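Please build the complex by placing chain D on the supplied structure of chain G, with the hints as guidance.
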Amino acid sequence: MSAAVDTPLVELRGICKRFGGRRSTRPVHALDGVSFLVREREVVGLVGESGCGKSTLGRIVSRLLEPSEGERYWRGRPYAQLEGRSQRAERLAVQMIFQDPYASLNPRMRVDRIVGEAPVVHGLVAARERDEYVARLLRRVGLDPSLMRRFPHQFSGGQRSRIGIARALAVNPRFLVCDEAVAALDVSIQAQVLNLFIRLREELGLAYLFISHDLGVIRHVSDRVLVMYLGRIVESAPAAELYSHPNHPYTEALILEVPRIDARRRRYVPIRGEIPSPLAPPSGCHFHPRCPKAFGRCRAERPLLREVAPGHLSACHLNEAP
Amino acid sequence: MSAVLEVDGLRTHFFTRAGVVKAVDDVGFTLERGKVLGLVGESGSGKSMTGYSIMGLVDEPGRIVSGSIRLEGAELTRLDAEGWRRLRGNRIAMIFQDPMMTLNPVLRIDTQMMEAVLAHQAVSRAAARNRCREALAWVGIASPEERLRAYPHQFSGGMRQRIAIAIALLNRPAVVIADEPTTALDVTIQGQILAEMQRLCRESGAALIWITHDLSVVAGLADRVCVMYAGRIVESGPVDDILDAPLHPYTRGLLDSIPARNVPGRPLAQIPGMAPAPIALGEGCAFRDRCSRAAEACAVSPPVSSPAASRTLRCLRPLA
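Protein chains in written order, with the numbering used here: chain G, 2 to 323; chain D, 359 to 678.
Hints were generated in silico from the structure; no laboratory data involved.
Errors might be hidden in some of the hints.
As the list claims (entries may be wrong) - Restraint ranges, calculated between C-beta atoms of paired labels, are given here:
1) Glu641/D - Met110/G: 38 to 44 Å
2) Tyr103/G - Asp366/D: 57 to 63 Å
3) Leu415/D - Ser284/G: 43 to 49 Å
As the list claims (entries may be wrong) - Examples of chain G residues lying across from chain D (beta carbon under 10 Å, computed):
4) Arg86
5) Asp187
6) His214
7) Val218
8) Gly274
Treat the numbers as computed from the prediction; the structure is a model and nothing was measured.
Ideal Cβ positions, reconstructed from N, Cα and C, are used throughout, including at glycine.
Bound conformation, chain G alone (with noise of 0.2 Å):
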């Protein structure tokens, strides 16, 4: 028993990821060296700006790409090692949702049919009970299952996320890697969604992987958040503390940068630049360039995560004593 409580559900070592770089191109570095671990239950918040690679991790988790370099571990066990018709199981355990509810669900196909399909291809129900799994689906995620023949485009934003949602877990996964998955959703409805990503937690004692860019979201659903900058984990820790005591400076931005209500007709006092071009990174720590710490070891060498506190990771040359 402890043992399985003490082996994470997924675990990801030094992974790298490039992409291109073929001929005469350089190749983009998209991932350089990221290494984390999910536990049972687990709700671990991804958080970074555009291209800086959290959904290319994310896309490596679910396995809907392979790494150029690094180990990833179900249960303790290789990815490699989950193959064959036996460990089908396991290999469903992982389930994606998407970001964008209009693109994400194919628009000819009723709505069935898209939660339906995948349980019955994978035996995991009799194709005459389809119906009767896919009603019991949609009443989890909150639709009306007589509205099961119809199409995407009959539905609201909303309740197209519903319907990805279901369709994830029609295959009984452990684990959602969840990619800006309420991004595209009104204030209100978000709240909704967020709502069902909470009690389906609590429900099904899944596991999440929350992607996004959005720091109030994170920090609202998750229990450690990791923060990442151009292909690189630049902190790791607790959500709370995170919050309260950020220690890298490019975290300790982001959570000064966030609009906030009850910060009114405030000054923005922004960090300078725009986020480096992954297919040329600054050398050494990668938000060199911005940071206003920024002095000589910097430029020079890469920060390696170190311990800050317990439970709290952080790469950043200031931490270390002169």
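Same frame as chain G, but now just chain D:
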């Protein structure tokens, strides 16, 4: 009287085969010189269409049915095409969510910017070019002379939005309408653009209408807030009053839905249901089906009341 823009009883309706869509339905507000008005609402609330109406950008089958828009005292609703052309990009300008709505992808930046100057001012090409270079520097673009010769695709999203802002401000407009200009941008870039807009409005004296779905952005930027729902302003007032003591249940619901205002991990306070289809909105308060305070009286459209100085409200059962 320092009102630079006065909108009163504005109705913009779309006459479709399926019926009349009242996208903007009796909207009114006043904007003072150098002030920032936040126009807040969810998709389909009519906030962007209010902006388009003020810019004279409503296309068929839509039209302004009634109401008045006065810019620096002059009535805009009766302008002809030539009158609008002289005004747009000159006294009143718009910044869109996607800067590529403003920028032509096949023209160099200098061509597009100089066109905007020369369309409204009798100056030499050299003077116009100088003006463009200054404008680029003003919005924080480094080496503006070289960047003038670049094409839009050579800039990042944040830089493109800066150029769109520079074009909007080229002729020193009295009013700038910004339609979610930071929504597509990353947090750190959004912070930069918000900072620039604050500075530019302060320095140029332009009044700003900031259209957004994000109450947190409005909190940091606006002096006054109008909250829209189903084509109507349901509540308006000074930013502190609206955010700290909302009177309309919809405003309260929106504020409560924001994750940062809830206990992490606990269910968020949520507004049930979804916004009604804009077609065939019947009589009565459009929010009543989602409202916990709704009563029979709400089947009649609530009139605009003024619960306090410089506040307006459209609700028969307001929060205490």
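Verification of the supplied hints:
For the hinted restraint 38 to 44 Å between Glu641/D and Met110/G, the CB-CB distance of approximately 39 Å keeps it satisfied. Judged by the Cβ atoms, the range 57 to 63 Å given for Tyr103/G and Asp366/D is violated: they are separated by roughly 37 Å. At about 48 Å, the CB distance of Leu415/D to Ser284/G agrees with the hint of 43 to 49 Å. Interface restraint check for Arg86/G: the shortest CB-CB distance to chain D comes to about 38 Å, outside 10 Å, so the restraint is violated.
With its C-beta approaching chain D no nearer than about 4 Å, Asp187/G sits inside the 10 Å limit, and its interface hint holds. At about 7 Å, the closest approach between the beta carbon of His214/G and any beta carbon in chain D falls short of 10 Å, and the interface hint on this residue holds. The beta carbon of Val218/G comes within 5 Å of a beta carbon in chain D, closer than 10 Å, and the hint placing it at the interface holds. Interface restraint check: Gly274/G against chain D, minimum CB-CB distance 9 Å, threshold 10 Å, status holds.
When each numbered hint is compared with the structure, violations occur for hints 2, 4.
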